[in-house]
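Colleague: Residue strings, one per chain:
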Amino acid sequence: MAKPSPQDRKYTKEHEWAKADGAGTVTMGITDHAQELLTDVVYVELPAVGRKVRQQEPIAVVESVKSVSDVYAPVSGEVIEVNQALEASPELVNKDAFGAGWIARIRMEAPAELDGLMTADQYEEHIKASPH
Amino acid sequence: MKKTPLYERHLALGAAMTEFGGWAMPVQYTSVIEEHRNTRTLAGLFDVCHMGEIEIRGPQALELLQWVMSRNLAGQRVGEMKLSAITNEKGGIIDDVTVYRRAEDHYMVVTNAATREGDLEWILRARRERGWDRASVTDRSDAIGKVDIQGPLAQNILAEIVEGDLSALRFYHAMDTRVAGMPALVSRSGYTGEDGFEVYTEAARIGEIWDLLMRLGDPHGMKPAGLGARDTLRLEAGMMLFGNEMCPAVTPFEVVYGWITDLDKEFIGRDALIKQKESGVRKKLVGFELIDRGIARHGYPVLAGAEKIGEVTSGTFSPTLGKAIGLAFVPVRFKEPGTVLEIEIRGQRAKAMVVPLPFYQRRR
Chain A
1 MAKPSPQDRK YTKEHEWAKA DGAGTVTMGI TDHAQELLTD VVYVELPAVG RKVRQQEPIA
61 VVESVKSVSD VYAPVSGEVI EVNQALEASP ELVNKDAFGA GWIARIRMEA PAELDGLMTA
121 DQYEEHIKAS PH
Chain B
1 MKKTPLYERH LALGAAMTEF GGWAMPVQYT SVIEEHRNTR TLAGLFDVCH MGEIEIRGPQ
61 ALELLQWVMS RNLAGQRVGE MKLSAITNEK GGIIDDVTVY RRAEDHYMVV TNAATREGDL
121 EWILRARRER GWDRASVTDR SDAIGKVDIQ GPLAQNILAE IVEGDLSALR FYHAMDTRVA
181 GMPALVSRSG YTGEDGFEVY TEAARIGEIW DLLMRLGDPH GMKPAGLGAR DTLRLEAGMM
241 LFGNEMCPAV TPFEVVYGWI TDLDKEFIGR DALIKQKESG VRKKLVGFEL IDRGIARHGY
301 PVLAGAEKIG EVTSGTFSPT LGKAIGLAFV PVRFKEPGTV LEIEIRGQRA KAMVVPLPFY
361 QRRR
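Protein chains in written order, with my numbering: chain A, 1 to 132; chain B, 1 to 364.
Simulated from the structure, these hints should not be mistaken for laboratory data.
Heads up, the beta-carbon is just placed ideally off N, CA and C, and yes, glycines get one too.
Treat each hint with caution, since some may be false.
Now the stretches of chain B that chain A is said to cover, found in silico as 3 or more residues with beta-carbon under 8 Å [as the list claims (entries may be wrong)]:
id : stretch
1  : 26-32
2  : 102-116
3  : 282-295
Which residues of chain B face chain A? A few of them, derived with a C-beta cut under 8 Å, are [what the hints assert, rightly or not]:
id : residue
4  : G228
5  : T232
6  : R346
Heads up, simulated EDC-like pairs for lysine to aspartate or glutamate below, C-alpha to C-alpha not over 16 Å straight-line [stated by the list, open to error]:
id : chain 1 : residue 1 : chain 2 : residue 2
7  : A       : K52       : A       : E87
8  : B       : K335      : B       : E289
9  : B       : K323      : A       : E87
10 : B       : K323      : A       : E91
11 : A       : K95       : B       : E34
Required output: the full structure, derived from the provided sequences and hints.
Modeller: Listed below in structure tokens is the structure:
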């Protein structure tokens with residue numbers, strides 16, 4: 001069973017999470033539910049630091065043995081840091097999707113976008129309604 | 001979608017299901033990597049009921065098989081099993097199959113799932129055209145169920161329910177025996193690169209054998225394994241998959257099936273293959289390891305400069321080797337191990353190196 005979605009962050013329908021770090025930046029990753037669906041993450045293609053992304057634009061690619069999945073930017077902004085640890089240990093996404101398996105940090109261009117994302121409770125409802 | 005007799009068991013085990021060759025099959029029960037490693041180190045149990053079985057019997061059975069198979073079966077003894085290609089008039093591969101000789105005039109051809117009906121029509125057509133009415137051709141696929149038990153502990157587990165001495169059964173040999181009291185055909189063979197067995201019995205009884213093996217295998221650490229692990233296991237072992245590496249536009253010499261193609265005997269496609277052998281193949285299937293990061297998958301282009309020179313046919317992350325591996329068609333001048341290739345992965349170029357096959361070989 002997937003770990004509960006932490007209350008301290010926001011969620012997208014495509015199973016990304018975004019957590020405000022203060023000072024207008026967010027850390028983002030994929031949810032535990034998403035990693036459970038993927039299983040066996042063996043490669044994560046990270047974005048370049050400095051890249052500008054629009055909300056809902058592909059920002060990273062997560063590959064399991066069997067599948068290739070896009071990860072979408074939960075908010076618009078500039079990539080200011082990526083999780084280099086995933087290059088050597090992509091399985092961190094499976095082990096700790098909400099923590100050590102984070103993907104990137106984004107300096108938000110329009111912080112209001114974050115307010116438009118789902119709360120943890122709304123996200124849990126969403127995956128109950130459409131598990132895939 | 002067709003369901004195998006084990007379908008409900010897969011659901012009960014919580015398997016993720018996928019479509020393969022028109023069948024609903026388990027892709028994984030827990031994790032492809034876990035199931036892969038478990039098969040390499042202990043044992044894995046696979047539902048392969050989707051594969052086709054065509055029985056060919058009678059005094060002209062061998063004649064008919066010799067005409068449709070690229071492999072020379074003249075020396076095949078009762079109890080032996082042979083890998084062969086079926087080729088069309090142009091030498092293109094329409095399936096790769098195993099042929100069991102079960103008795104003097106009794107053969108069983110095991111086909112891929114998606115090619116079963118085509119193979120049957122093909123063999124029936126050859127029989128009709130050549131007037132070999134003393135060879136009977138029967139599709140037994142629906143009546144026969146099949147499981148593979150693979151891995152270093154497969155023999156220990158299966159031996160508990162097989163009549164006769166399983167340890168005396170040699171690689172690519174089969175015995176007609178009883179499994180859990182039911183008439184069955186057991187061969188030492190498989191599609192994983194490990195020691196292991198393929199078990200055929202009545203479709204209506206295959207569930208009992210599955211259940212018994214699950215129970216007996218459990219204390220040994222055996223686990224069910226899905227098509228995901230079957231694919232990574234076969235790829236590491238350098239084995240090809242029809243539909244990926246092979247199709248009617250590809251000949252045995254372009255892949256690694258020269259050794260099962262005997263141009264000294266008559267068979268459909270022989271003339272075209274003789275010509276190709278004389279002029280030499282232009283493209284060749286090679287194994288590669290990615291040097292750069294990423295995973296090169298089925299259909300990704302192989303590049304030389306701006307030009308597309310080939311294509312990846314299968315590619316994955318190898319759980320055993322811990323790196324990305326694959327098979328690709330390249331022009332022959334790129335086929336030597338050590339050659340560096342460029343593969344386009346989502347618009348970016350990744351370097352790969354041609355390596356000898358197989359990627360993985362078990363210690364014997």
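Colleague: Are the hints correct? Go through all of them and say.
Modeller: These are the hints, each one checked on the structure:
no. : hint            : in the structure
1   : 26-32           : holds (count 5)
2   : 102-116         : violated (count 0)
3   : 282-295         : holds (count 3)
4   : G228            : holds (5 Å)
5   : T232            : holds (6 Å)
6   : R346            : holds (7 Å)
7   : A:K52 x A:E87   : violated (21 Å)
8   : B:K335 x B:E289 : holds (13 Å)
9   : B:K323 x A:E87  : holds (12 Å)
10  : B:K323 x A:E91  : holds (14 Å)
11  : A:K95 x B:E34   : holds (14 Å)
In the structure shown, a violation is registered for the earlier hints numbered 2 and 7, in ascending order.
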